[in-house]
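Start from the sequences, fold in the hints, and give me the full structure.
Taken in sequence, the protein lines are chains A and B.
Just add 5 to wherever you are in the first sequence, counting from 1, and you've got the numbering used here.
Just add 743 to wherever you are in the second sequence, counting from 1, and you've got the numbering used here.
Among these hints, one or two may not hold up.
What the hints assert, rightly or not - Residues from chain A shown here face chain B by an in silico Cβ test under 8 angstroms; the list is partial: (1) Ser18; (2) Val40; (3) Leu56; (4) Glu57; (5) Thr58; (6) Asn59.
These are computed hints drawn from the structure, not numbers from a lab.
Glycine included, every Cβ here is placed at the ideal spot set by N, Cα and C.
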Amino acid sequence: MDQPTIILGVIGSDCHAVGNKILEKVFTLHGFNVVNLGVMVPQDEFIDAALETNAKAILVSSLYGQGELDCEGLRGRCIERGLENIVLHVGGNLVIGKQAFTETEARFKEMGFDRVYGPDTNLEKAAEELRQDIAARA
Amino acid sequence: MTRLLSIDIGSTYTKGALFQLSDGELSVVAYAKTATTTSHLKEGFDQVRGTLDPDRTAPVAFSSSARGGLAIAAIGLVPDLTLKIAKQAALSAGGKVVSVHAYKLGKDQRDELVALKPDILLLAGGTDGGNESFVRFNATQLAKLPARMVGQELPTVIYAGNAIIREDVAEELRAAGFEVAIASNLMPQMEQVEPDSAREQIREVFLRKIVHGKGLDEIVAEVGSEPLPTPLAVLNLTEALRNDVPAFGDFILIDMGGATTDVYSAGETIEQELRVMLRGVRDPEVKRSVEGDLGMRVSAGVAAHTAQAYLRQALGAERHVAFEAYMTRLASAPEYLPQAGNEEDAFDRALASACIHHAILRHAGTWKRVFTAAGETFLQYGKDLRQVRKVIGSGGYLSAIADFTPAEAILPTDAQRSEIIHLIPERFTYYRDNGYLLPLLGNLVGNWRKPAVACAVACLREEGETCLRVPEITSTVSNQSNHC
Ligand code: B12
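Next comes the structure, spelled out in structure tokens:
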């Protein structure tokens, strides 16, 4: 399929809904088949959806400041449940306090995310990078 | 004026009613029942037919509960997605789910399938264009089964998974010796639920497998129509009532038999409220659940075990001992009926309450409370039945016992309540199918839909209202009061 399926959602108990709708629009326009799970999505629901749809990537958003807590262990759970190869991207308000973004980025990469985005991301570029990452895994 | 005959061949009794249709209205002329002649079903059928319509001129519609329905093993990918939908599709086709399997089928699960000898393997998994690897893996595992089932009838495989690989899967399984029927994908896209095609395939297998042998094919040849699985007849009636009589409103139908307790609910899945998030796939508007461990006779012993805590609380420790002794006696005499007013009669009531209690709580949706940065929020799983105002009782016991109502039985106990909130009706009027006509009217829905539905409404006897003291949900969510 030349329209790769991707799973989108806001993780944990985070209910910020606006950015999620924008992401759905933008990634659909860039030729992805977007399955949007909306807000307040537990880790396992991202994985459930990815398993059934044979998704190539999971895009996690976290806006409310608890991203690190909510994302911990997602990569391990993916592998455990049969998604060895999936691309994981995360974005939103991930920086806590006065931390530098590079530091936050490093922490999330250590957790197994392939890319980490801040709130002011250029989404065109993000879509392009997603395409590259998916191609690299194929 | 037309006369219509409807007959249901149950596992214990074959029952029938002769109806009269005049000016578009159905009325019951006569009712008859006899013990089911399990080795040759036509004998009992003929007896009932002969009693009700000696000239054999009235058109006949009939149903058969045939061993409690086709035994179906449901195989899906993710438990909360395709597996859940497969299970629901099997139940809504009138089948009996004997086992469920998620992800990859291992050796233990293959052993289980060989031992259970299901009639149907319902194989699902993957959206269209979605997952292939798990589904292909499972097909390959299933292909190993025929070698181990030599000399017995092989289950029919109904494939209702990812459509992209359906030809491959069918080819592999046919080569292994299975008969394979193809249905549309149960979940063609994420959270889009399409059970109809699989239901239709299950019905066709029912006709092929159940009709042949035991004399049903002779009945078909004689009366010129095919049987429905009994639960499907009831479901058809439930759906017709839901669609054709909107004024009747949302309702729950409890069909409690000796072996199972079936619950049907008609109503929308959600009542969207602020701070409530629906999780997982949506329940269908008309939903059926079947509890094989809850029943009044054949399953009384298992039910007593399942509902032990409930029964002990309801009866007190001392009477619970006597109750257990009664269960042991019932095990060897499942046809036994106690005299009204004696202690065993009271035990039957307690057992009926216990079956209803568990069957309703399993059927109804729940809210799980979670605390977020923005305060209290609820995750909803399944159907919200709080606004349902009618509960209907049918089946041998509920139809017969005039002064029994489910009332408080559907309330969760304190222990069950501590973790989650059960979305059960807050208050309801109880209606009794006192002539035990609903399954028989279900048979008529196909050809005489309007009169059958009207007759079903007319034959329900109103038994009174119950207001449950559902404990106040202490949060911003609950804006309606529980006082009535
Ligand atoms: C509106 C709003 C709310 C509304 C949300 C309404 C709704 N249902 O959507 C309400 C009032 C409910 C709310 C509540 C809260 N909020 Co608020 N909220 C905001 C606000 C003002 C705007 C959010 C918004 O819609 N932005 C516009 C969209 C387009 O941008 P976005 O969400 O950032 O998404 C974009 C990018 O982040 C990026 N992106 C996001 N994810 C991903 C993923 C990938 C892979 C990529 C490539 C890109 C990407 O692309 C998106 C699209 O452009 C922000 C402040 C702000 N200006 O951002 C605070 C803000 C997000 N909220 C905040 C907080 C703290 C809260 C509360 C905890 C406050 C409280 N104590 O009640 C609660 C949490 C509730 C909960 N359970 O989630 C903080 C978070 C602080 C932090 N992360 O460190 C913020 C930043 C305000 C602040 N400066 O303090 N909030």
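Consistency of the hints with the structure:
{"no.": "1", "hint": "Ser18", "in the structure": "holds (3 angstroms)"}
{"no.": "2", "hint": "Val40", "in the structure": "holds (5 angstroms)"}
{"no.": "3", "hint": "Leu56", "in the structure": "holds (5 angstroms)"}
{"no.": "4", "hint": "Glu57", "in the structure": "holds (5 angstroms)"}
{"no.": "5", "hint": "Thr58", "in the structure": "holds (4 angstroms)"}
{"no.": "6", "hint": "Asn59", "in the structure": "holds (4 angstroms)"}
Hint violations for this structure: none, all hints satisfied.
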